[in-house]
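**Q** Generate coordinates for the entire structure from the input sequences, incorporating the hints supplied.
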Amino acid sequence: MSIPIILFLVCALVAVAGAVVLILAREPIHSALALVVVMMALAVLYLLLGAPFIAAVQIIVYAGAIMVLFVFVIMLLNAGVEERTDFSKLAKFAGVPLGFFLLLEIAHWLAHSPIGAAIANGAGSSAGESSTTELSEMLFRQYLFPFEATSILILIAILGALVLARKEE
Amino acid sequence: MNPFVGDQLANLHRLAPEVVLSVFGILVMIADPFVGAARKRVLGWVAFAGAVLALASVHIANHFPGPAYSDLIRVDSFSMFAHVIILVAVALAILGSLDYLDQQHIQRGEYYALVLFAAAGMGILAGANELVTAFVGLEMSSIASYVLVGFRRRSPASNEASLKYFLLGSFATAFFLYGVAMIYGATGTTRIDAVQAALEKIITADQHEPALAVLSLALIFVGLGFKVVVAPFQVYAPDVYEGAPTPVTALLASAPKAATFALMIRIFYVAFSPLTGLWFWLICVVAVLTMLVGNLAALVQTNVKRMLAYSSIAHAGYILVAFAASTSLGVAAVLFYLAAYIFMKVGAFLIVTHLGQQDEKRVSIQDYSGLASKQPVVAACFSLFLLSLLGLPATGGFLGKFFAFQSALIVQRRSLTLLVVIAAINSVIGAYYYLRVIITMYFQAPSRDYTPSRVAPAVAIALAIAAAGTLYLGILPSRVLDLAQAAADSLFSH
Chain A
1 MSIPIILFLV
11 CALVAVAGAV
21 VLILAREPIH
31 SALALVVVMM
41 ALAVLYLLLG
51 APFIAAVQII
61 VYAGAIMVLF
71 VFVIMLLNAG
81 VEERTDFSKL
91 AKFAGVPLGF
101 FLLLEIAHWL
111 AHSPIGAAIA
121 NGAGSSAGES
131 STTELSEMLF
141 RQYLFPFEAT
151 SILILIAILG
161 ALVLARKEE
Chain B
1 MNPFVGDQLA
11 NLHRLAPEVV
21 LSVFGILVMI
31 ADPFVGAARK
41 RVLGWVAFAG
51 AVLALASVHI
61 ANHFPGPAYS
71 DLIRVDSFSM
81 FAHVIILVAV
91 ALAILGSLDY
101 LDQQHIQRGE
111 YYALVLFAAA
121 GMGILAGANE
131 LVTAFVGLEM
141 SSIASYVLVG
151 FRRRSPASNE
161 ASLKYFLLGS
171 FATAFFLYGV
181 AMIYGATGTT
191 RIDAVQAALE
201 KIITADQHEP
211 ALAVLSLALI
221 FVGLGFKVVV
231 APFQVYAPDV
241 YEGAPTPVTA
251 LLASAPKAAT
261 FALMIRIFYV
271 AFSPLTGLWF
281 WLICVVAVLT
291 MLVGNLAALV
301 QTNVKRMLAY
311 SSIAHAGYIL
321 VAFAASTSLG
331 VAAVLFYLAA
341 YIFMKVGAFL
351 IVTHLGQQDE
361 KRVSIQDYSG
371 LASKQPVVAA
381 CFSLFLLSLL
391 GLPATGGFLG
401 KFFAFQSALI
411 VQRRSLTLLV
421 VIAAINSVIG
431 AYYYLRVIIT
441 MYFQAPSRDY
451 TPSRVAPAVA
461 IALAIAAAGT
471 LYLGILPSRV
481 LDLAQAAADS
491 LFSH
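Each protein sequence line maps, in turn, to chains A and B.
Per this note's numbering, the first sequence starts with residue 1, numbered consecutively.
Per this note's numbering, the second sequence starts with residue 1, numbered consecutively.
Rather than coming from a laboratory, the hints here were simulated on the basis of the structure.
Yeah, the Cβ is synthetic: ideal placement off N, Cα and C, and Gly gets one too.
Among these hints, one or two may not hold up.
Claimed, not checked - To spell it out: a stretch of chain A is covered by chain B in this simulated footprint if at least three of its residues, at any positions, have a beta carbon under 8 Å from a beta carbon of chain B; those stretches are: (1) 10–23; (2) 36–44; (3) 62–69; (4) 105–112.
To be verified - A short, non-exhaustive set of chain B residues, derived as facing chain A with CB atoms under 10 Å: (5) I26; (6) Y69; (7) V84; (8) A113; (9) N303; (10) Y432.
Unchecked claim - Looking from chain B toward chain A, a few residues come up when the C-beta cut is under 7 Å (computed): (11) S22; (12) V23; (13) I106; (14) F117; (15) V132; (16) T133; (17) E139; (18) M140; (19) I143; (20) A144; (21) E209; (22) A211; (23) L212; (24) L215.
**A** Put into structure tokens, the structure is as follows:
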């Protein structure tokens, strides 16, 4: 086995394990820390895919900024141990098995599909320095419109936070 | 002129309604701190002006048909028709909000800004020719709705509705995004027309549908089905519609539904057209489920808002009947249905808004008893909207259903004929709960402890427009029907 494949297997396993811990942990702070692990593992996967810029942004934005916010919120709310509620019967006997079935099915088809022949000879081929240039070309030329529309989306989020958090007079 | 600048200017013209809505939204935000607490109503009128101007600017966009921003947005008759429906619903909802917010003591500028931004997002949904762009539009309209639903902050029901809608809505959008990722995996593109071409190529080469595309179809349907409220994703809707401030319910039940149906048509009829054989059955089964769940549950409701919520689920089912026809006539029928639907639905919810009073205490059907003797015009308007929802001739609702069923029958497929029969049976079931309200209003003794307030001028204007629209579409449908047909044809002509 070559080194990239070993690296991929390790990081993929860490990411999945982190995600499972994130859901199952009872202390919110443990969940938050598990999320850091997931984000870091994903960043390495991006690196392996030849997208160093995305990997760096992943670490700076998610593992850095957003995680700090999460931890602060948990601290400020002084959140205790999470309460457990029982599954409903329907969820237990129909939902969980069906969910697993869907997961297996998606995994099966992903493994057996020629994932975008177009991707293989298109976007994914470039690596190294050019990928940042390419990304900016995509973001500021081809996808300029959704990029700009996102600014309105963020404005909506700010406005919404303001409405919901403001003190009632 | 520099060709690049000229190109960008043309692009801006193509997005005129969204630009106008966003500019007015920002204007409301900036003006908000400078307007005294007692005069916040002015901001509502500014927002109304924004919605009306956006409606007028559809005319500008219409002069620049074609792709905008590297074909991420399409300006065609289809998108313009959907824009008009959305903007009319938004304008009516704003008119209905003015006095309601005063009455509940929650008159704030942010409300109107959020409504305008949500409308801009719905406009993007209607015109999107690319799935990531559509996703941004979907999020704009959804996140603004989550906040608007929780706008009555002192009411626990409103808070609960907002949280429920937020959590489940985020799940639904995640499904949509997952579906987009899958279709990118299968075809290497997210542009709707390019997906169609790629799928056709793969299917002719392999002689079977690519599994990832089928998976994507299912996931995208979950995401969008949640937003247009079809069974089995309808569980949240009655609670959210009941807890939300009533003018917001009027908005939620109309404009986002129209916008999401427009996107759904574009995705299913264009991108997934090589898979029509598959999604036909999906739509048929879901249509039957949706109609049955909506109508049967509406029978037992005592709260008017919940009853109308279930009725809007049932109507999504009727729309799916035309959707299943998978012809250009079916698309035209869906568009006409949506046009008729927003007038009657917004109208009905605005009546509920008007009668609700402080803290929305008066929302049970019993509160409406004897309304005809207290406020005959309001009772007559409400009856008109209910009869239109029921599908009585000479109303928009009747012709909407008529064209929907006709478009399905004309295909002459046994399954579609059966679907229309089930839909017709459902319309009869629906008659019970609509007529019950009318009987309560006209034939029961008025309750003594309740005197409805006077109809405010803004609400009166909105109701007049909604009633006129309902009657116009019911009596003189040909012009709108021609426009709907032209819109449907423009979808297939690329």
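**Q** All hints are to be evaluated individually against the structure, with a verdict given for each.
**A** Verification of the supplied hints:
1. 10–23: Our answer is that it is violated, as 0 residues pass the Cβ test (under 8 Å) against chain B, missing three.
2. 36–44: Coverage by chain B is violated for the segment 36–44 of chain A (0 residues, Cβ < 8 Å).
3. 62–69: violated (count 0)
4. 105–112: holds (count 5)
5. I26: It holds, given that the least Cβ distance between B/I26 and chain A is near 8 Å, below 10 Å.
6. Y69: 4 Å, holds
7. V84: 21 Å, violated
8. A113: 6 Å, holds
9. N303: 24 Å, violated
10. Y432: The hint is violated - B/Y432 has no Cβ within 10 Å of chain A, the shortest such distance being about 29 Å.
11. S22: 6 Å, holds
12. V23: 11 Å, violated
13. I106: 9 Å, violated
14. F117: 5 Å, holds
15. V132: 5 Å, holds
16. T133: B/T133 check passes; min Cβ-Cβ to chain A is 5 Å, inside 7 Å.
17. E139: Holds. Min distance 6 Å.
18. M140: At 5 Å from the nearest chain A Cβ, B/M140 passes the 7 Å test, so the hint holds.
19. I143: Since the shortest Cβ distance to chain A is 5 Å, the answer is holds.
20. A144: The hint holds - B/A144 has a Cβ within 7 Å of chain A, the shortest such distance being about 5 Å.
21. E209: Interface hint status for B/E209: violated (11 Å vs cutoff 7 Å).
22. A211: 4 Å, holds
23. L212: 5 Å, holds
24. L215: 6 Å, holds
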